[in-house]
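Sequences listed follow chains Y and B, in order. Taking our numbering, the leading residue of the first sequence gets 1, the next gets one more, and so forth. Taking our numbering, the leading residue of the second sequence gets 47, the next gets one more, and so forth.
To be clear, the hints were calculated from the coordinates, so they are not data collected in a lab. These numbers were taken from a predicted model, which means no experiment stands behind them. Ideal placement from N, C-alpha and C gives every residue a C-beta, glycine not left out. Among these hints, one or two may not hold up.
Just a few of them, taken from the derived set where beta-carbon distance is under 7 Å, the chain B residues facing chain Y [what the hints assert, rightly or not]:
hint, residue
1, Gly126
2, Val127
3, Pro195
If you anchor each label on the Cβ, the simulated ranges turn out as follows [as the list claims (entries may be wrong)]:
hint, chain 1, residue 1, chain 2, residue 2, range
4, B, Phe320, Y, Met37, 34 to 42 Å
5, Y, Leu20, B, Arg285, 40 to 48 Å
6, Y, Ile16, B, Arg285, 29 to 37 Å
7, Y, Leu20, B, Arg296, 35 to 43 Å
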Amino acid sequence: MKDQRWISYGLAAAGICMLLAGLARGEAADVMQKAVMICLECIGIR
Amino acid sequence: MHRHPLNPRRRLVQFAAALAANAHLTGFAEGRIYQGPVKQVCVPFLNCYSCPGALGACPVGSYQVMLAMSGHSVSLYVAGVVTTAGALGGRLVCGWLCPFGLLQEVLARPRVCRLPVPRPLLWIKYLMLAAVLFLPVLLINSSTGLGAPYFCTYVCPAGTLEAGLLVGLRDPALRALMGPLFIWKVAVLAAFLVAMRFVYRPFCRTACPLGAFYGLFNPVSLWRIRHDAGRCRQCHTCREACPLQLAVDRSPNHPECVRCLECVRACPTAALAFTARPAPQDQPVDTERSKPRAAVKCRLNN
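Using the sequences and the accompanying hints, generate a full structural model.
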């Protein structure tokens with residue numbers, strides 16, 4: 001199989017772009033808002 | 047049984063990552079979770095954010111919760127973290143960083159933990175991945191308009207262990223709310239704990255949605271295992287060293303590979319390498335340099 005590093009670079013670039021776009025949308029704060037609460041679903045409580 | 051002792055450096059990295067991700071040590075003593083600003087950071091591996099020691103957020107839980115909330119939005123932040131990690135190293139995160147992967151390896155009995163997993167069970171993790179990606183927005187409570195993190199609710203044994211047992215059981219108010227669902231989750235956790243004794247990483251191989259996701263990146267990640275066919279003696283030492291018994295020489299970047307890199311360490315001819323550089327047979331041929339060599343070969347044949 002020929003080496004196709006451009007696929008790896010493309011995926012990494014796409015990942016970084018998504019990450020930055022998410023940060024720009026303020027998603028880190030949304031993640032934190034949920035993560036600082038005890039997750040009842042994770043414990044097994046509905 | 048492993049012929050080669052496990053890489054102590056990898057074990058050290060695994061413990062360091064587990065400690066770094068769960069460095070809120072007072073939380074374990076008090077049964078309380080960390081609520082500081084570092085919780086904004088999404089870690090690239092499975093680590094329940096309701097673990098009393100967790101400093102960061104679990105990507106599986108965070109993604110599902112964002113999708114289940116009223117806006118039903120896909121979290122680009124979480125998707126970006128895991129896509130970047132996958133594009134760089136595929137399942138390297140599973141083999142070197144994941145605390146739940148470490149737990150499975152620590153609990154394994156080395157002489158008997160290589161029982162094979164029936165092939166159909168290996169596909170369950172892709173169903174789990176689909177459930178994580180789509181169920182929170184497909185199964186919505188009609189009265190509230192909200193979905194739920196269904197993988198966390200019904201399956202995730204890491205959540206049961208870290209949040210259920212370490213936080214839930216110690217809190218009288220939460221303990222009072224526990225019912226059949228908690229018993230189900232404890233049963234799932236118990237089943238995996240028993241399986242860990244006999245099968246190498248049973249959760250990663252059968253049920254982890256993140257492992258399924260990263261596995262898709264294995265063949266195309268920037269850093270991957272390169273097999274130099276010119277150096278390979280077909281001794282199959284790599285297959286014997288592989289805890290998953292994969293045919294590494296034939297498929298060095300199999301989606302099931304957790305990138306423990308024991309095969310690379312064991313290869314007696316250095317035919318395997320974990321690198322971003324292509325293997326010699328995959329490198330583009332320099333036509334200008336190859337012409338004279340071809341001519342010499344013809345002359346020798348004559």
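Evaluated hints:
1. At about 3 Å, the closest approach between the beta carbon of Gly126(B) and any beta carbon in chain Y falls short of 7 Å, and the interface hint on this residue holds.
2. Here the hint on Val127(B) is kept, as its CB sits about 6 Å from the closest CB of chain Y, short of 7 Å.
3. The closest approach between the C-beta of Pro195(B) and any C-beta of chain Y is roughly 5 Å, which is under the 7 Å cut-off, so the hint is satisfied.
4. Between Phe320(B) and Met37(Y) the beta carbon distance is about 39 Å. The supplied range of 34 to 42 Å therefore holds.
5. The supplied range of 40 to 48 Å is met by Leu20(Y) and Arg285(B), whose beta-carbon atoms lie about 41 Å from each other.
6. Checked against the given bound of 29 to 37 Å, the beta carbons of Ile16(Y) and Arg285(B), roughly 36 Å apart, stay inside it.
7. Taken as a hint, the range 35 to 43 Å holds for the pair Leu20(Y) and Arg296(B), whose Cβ atoms sit roughly 39 Å apart.
Violated hints: none; the structure is consistent with every hint.
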